[in-house]
Structure formats: structure tokens, C-alpha cells
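Trainee: Model the full assembly from the supplied sequences, consistent with the hints where possible.
Just so you know, the sequences run in chain order A and B.
One rule links them: number in this note's numbering = place in the first sequence (from 1) + 760.
One rule links them: number in this note's numbering = place in the second sequence (from 1) + 46.
Treat each hint with caution, since some may be false.
[Unchecked claim] Residues from chain A that face chain B, not an exhaustive set, calculated with beta carbons under 10 Å:
#1 Lys-829
#2 Lys-832
#3 Ile-856
#4 Asn-906
Simulated from the structure, these hints should not be mistaken for lab results.
Nothing here was measured: the structure is a model prediction, and the numbers come from that model.
Ideal placement from N, C-alpha and C gives every residue a C-beta, glycine not left out.
Each chain, letter by letter, is given below.
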Amino acid sequence: MPIIQVKKLKKKYGEFEAVRGIDFEVDEGEVFGLLGPNGAGKTTTVEILEGLIKSTSGEAFIDDLDVSKDTKSVKKIIGVQLQSVNFFEKLSLFEIVELFSTLYSYTVDPGKILERVGLSNKKDSYFKTLSGGQKQRLSIAVALVNNPKVLFFDEPTTGLDPQARRNLWELIKSFQEEGKTVVLTTHYMEEAEELCDRVAIIDEGKIIKINSPSNLIDELTKSGFKSSKKMREATLEDVFIDLTGKSLRED
Amino acid sequence: MKIYLSFTIAASKMFFRRKSSIFWSLFFPVVTMLVFGNANILGYSAPNVGLIDYANTDNSRLITESLKQSKSTEIQLILSENEAIELLTKGSIASYITINSSYNNSESEIIITTRKDDFAEKEVVSNLINSVMLENKNSLEELSNIKSNIADINYQGYKGFIIPGIAAMAIMQNGIFSVVFTLLSYKNQGVLRRLQATPISPSHFIVGHLISRVTIIILQTFLLLIMGVFILGVSIGQGSIMAWINILLLSLLGGVLFLSIGLAISSLAPSEDSAPALANLVTFPMLFLSGVFFPIDFLPKFVGYVSNVLPLTHLAQGIRLSALYGNSTLTTLPQIGITILWLAIAFSICAFTFKWE
Chain A
761 MPIIQVKKLK KKYGEFEAVR GIDFEVDEGE VFGLLGPNGA GKTTTVEILE
811 GLIKSTSGEA FIDDLDVSKD TKSVKKIIGV QLQSVNFFEK LSLFEIVELF
861 STLYSYTVDP GKILERVGLS NKKDSYFKTL SGGQKQRLSI AVALVNNPKV
911 LFFDEPTTGL DPQARRNLWE LIKSFQEEGK TVVLTTHYME EAEELCDRVA
961 IIDEGKIIKI NSPSNLIDEL TKSGFKSSKK MREATLEDVF IDLTGKSLRE
1011 D
Chain B
47 MKIYLSFTIA ASKMFFRRKS SIFWSLFFPV VTMLVFGNAN ILGYSAPNVG
97 LIDYANTDNS RLITESLKQS KSTEIQLILS ENEAIELLTK GSIASYITIN
147 SSYNNSESEI IITTRKDDFA EKEVVSNLIN SVMLENKNSL EELSNIKSNI
197 ADINYQGYKG FIIPGIAAMA IMQNGIFSVV FTLLSYKNQG VLRRLQATPI
247 SPSHFIVGHL ISRVTIIILQ TFLLLIMGVF ILGVSIGQGS IMAWINILLL
297 SLLGGVLFLS IGLAISSLAP SEDSAPALAN LVTFPMLFLS GVFFPIDFLP
347 KFVGYVSNVL PLTHLAQGIR LSALYGNSTL TTLPQIGITI LWLAIAFSIC
397 AFTFKWE
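Mentor: Shown next, in the form of C-alpha cells:
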């Protein structure tokens, strides 16, 4: 039963077509990845689904609600983490989460939400004192205030160190275990492989392929592809984590 | 409703936690007021001299006409003592000359009435009258005595003038700049965009912000006036509660007015970074042309016409009338009316041009 349906979605900015008619569906409880190089149209697609921009043509539904018509109802059931957002200065993390929860008329315990994303010890700090990974985790905390059915993460791990990235992966996996649907954009392939049930590969505003990461790899190897790099039992990142430890380097 | 309240509380917390906002909107106007209030600049009132001609004889008319020719002062004909006292209290004249009905008799006399301690004005006016009499020596049968008199008025001097002026200036500065800079920083930081991803419209946030700022502006106005009372020893409102209520009303209206002008500036600015420059362009002339630091009567006539159009002129005038002379809402209706008119103009500009991003 798909919770997200996208049909022939297009977005034009003047002459430039950012999204050129894409179709896909996401099942409830799935972690769905939108992969593609910078400027491929990932963010535009996600922002149409989030109700931030209007599509030029085509349709999109979340939980059977039309994104362009029932935008407000859609916003109530989704949680959003945007690329490069700063939050209010001079408000503590606790106050930021509390403020956002009132916007959904939702009564939540901001302390619990901050604990969920590992920011309990920072609840009285201001946003600008946070490290990159902590900022992303606050952004995710704010996305959780309305107990959303669908979560959108737009390049959540860009610019983070390996420890912070793996920490965020664990967090995203925990949402899947809870049964939430997650839509994730990224240009890190190992991240997609680690987290996503299925991925859509987008380039120049079009979906080239949709499948699970392992099927996509199988397809390629069956066609006779041989990696020029010899596969080893571990990667350099594994070495790095082994040497520097798994714990986060930010307090 | 709860959302507006949350935003109002959040905006107020952010205001009081930011040192620069406290400095510019509370500390800075207070210091300006204390500096100017203690400078006690004399003779700030208009170079106008009133004239009451009770005698109305050939001689008195001759003197009146000659006085009118004088280039150093502007003679304003007045019909009664009461009117003269009123004008003197308001500062539209610096002194007045009374030619008594007994003029032409041997004990004829001319009286100069000035404010307490205004010796300079007394000297200037009596020299003027002497020179006029000497000029007309041939036509006048005799030279009159010049007597001086001190008006029995509660005149507060420059302090009394500057305090309401600074209060009005602070309303303008706080109103315009708090909106322009807040919107600029939230747009740049993407905060407004993040709010757009929630089910509420960012207008809730803007309205919450405005409510918080209007409250702060009212507090700021009363802080300035109360400091004026206790530190500069000025009496505000002449003991009339209606005057204080009118000041509350004016700071509320003025606050909303200048906040909307700030919003209008943010929407009209061609690029985001040009908004603060545009805000300066709007506020700077008003600092000097709106009777904040000196009466607009001091300005050349054609500049005075411009002054009379500016919104700050009327806000400052309204607050000053209540603070110095205890005027109530009913007696400051013209000032309130013009403030509301400007409010309507600023509101319509916002309504047509405001962009969320």
C-alpha cells in the first residue's frame, strides 16, 4: 500500500526544467532514497512533496492527500529536515522544540524528543553553539514534534565526520523500526546502500532507475561489469572508525 | 491564539537575550535623552514675538508696523493675554509685547513678558523696541517706558521639550529597525522557510513578532518618560491621568505605524541587503525635520511644509502635547488622525508588496 504517489511530476523555472516528469511510489514503512548528482532535481522533488513549492504539472499524494490542494493537511502528517536551515538564535534547543510543537497544536515533551536524538545535555544551549552533526540532529528533532507518518531528510549527512554520519544512520534506522516512512536524498552511495530499501536514481530531472540497492548491484554485475578496484573485507572508513572509535566527538 | 502567544513570548525572549537590541532600543535613547536634557540648550523656542495692542492708536499702530518690519524677529499679533500665555507655554512664541490702552498718556508703557530666567530674550526684545522708537522719534510724541514682566507659567525649558521628542524618536527607530533587521536575518538564515514547512503560515510569526515589539516600544516610551521625571525632574502630563493614557495610545499607534513602515521597507527594498540602507534613508531626515531635537518653527518655511507631512512630526507633537501640557486624547485628535492615516498607507503598501521569501 503506497503512502506516497508521484505521477508525471514536472517543475519549470522559466525555461529551465528542474524536474521533467517523474513517477514513483513509496510504500508505508519504507526507507526510500533519491540519489543523484548535485542539481539533478532531488531537492526540488522533495520540496514539492513537502508543500514548499508548487509543481508546474503532474500530481503527488501523501497518505491519499493531494499535495497541491491539501497542502496544510499534508504538512500536518509529515516531518521535514531541510538543507541548510538555521533556527532562531537566542532560543534554547528546548524552547525551539517546544515552539515548533505548538505550531502543530501537539503536546510533546521537548526533553524526550531531544533525548531521542541525543541532545539532552544540550537542551539549554543556543543553536549556534552546536556542531554540524548536532545541528542536523536538532533539525531532525524539530521534524519529530508532530509524530509524523512520513519523514523527509534532505542530504542529512553532508559535511559530517564519519562518526556523526554513522550516528545519524542509527537514528534514521530507528525511525524505520518504528514503522515510519522515510524519504532521503543523498549523494553518498554507501549511505543509500546502508539505509534504503529502494532507491530512485535521478539525473537531469528524470528518474533513470528504481530498485533496491542490492538488485541494482546484481543487475550491473550480471551485465559483466567488473570493478577496477579490488574488493576488500574492509574500507578505509572502517579503518578510520576502528582507530578513532565510534563515539561522537562533540559535547 | 496560542500560536500567536508562543511567537510573542519567543520574540520577547530573543529580544531581551540579545545585548545589542537592549543597547539600541533601551540604553541608547535613555543616554541621548540624558545628554540633551542636561545640555539645557536655551532659547530653543521659535524666534516669534507676540504683540497685543490694547491701545490701538496711531502711535501704537506705528510701533506695531515698524516692529513688523524687523528682520530679526517675527511679530505675531495676538488679541488677548490668555492666548499669549498659551502660545508662550507651547513655545510658539518666546515672549510677548503688550501695549497698554493707556498708551499716549504721559505714563504710557510697553510691557515685555518673558519666561522665568529668559534674560536674553528680554534684552533682545527691549533693544528692538528701543530702536523702533528711536527710528520713529519724530512721529512719536514721547518715548515710552519699557517694563518687563515674568509670565506665571510652568515652563519646563529644553528638558521638557526634548524628552517627548526622544520618546517619539525611539518609537520610530525601534519600530523600523527591529523589523528590518529581524526579517533580514530570518530570511538569510532560512528560518522563515523552515516555518513554511509547518502547517501554520509564517504570518503568525510576523504578527507574534509585532505584538512583542509593540509591547517593548510601549515599555521603552514609559521608561524614557519616567527617567525624565526622576532624573531630569520634568513633570509629565501635568497630573492628568488622561494625558498618560493618551501617551499610551500614541505609543501603541506609533509603534504599529513604524513597525509597518519597517515591513513596507523590507518589501520595497530591491534586494535584501539594501533594506537597512533604505531604512536609514527613511529615518535620518525625520530625526531632524520632525521636531525631535528642536521645534520645526526653526526650519525655513518650505522645509516646514515637508515636516508637516512626516509621520514622526505628528507623533512627536502628540506625545509632547500630552507630556508637557496634559492634553488628552480629545485634544490631540489631529495628531492621532494623521498617525492613523499614515498607518493605513503603510499597511496597504505591506499588503500589496510583502514577500515571504
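Trainee: Checking against the hints above, which ones are violated?
Mentor: Structure breaks hint 1 only.
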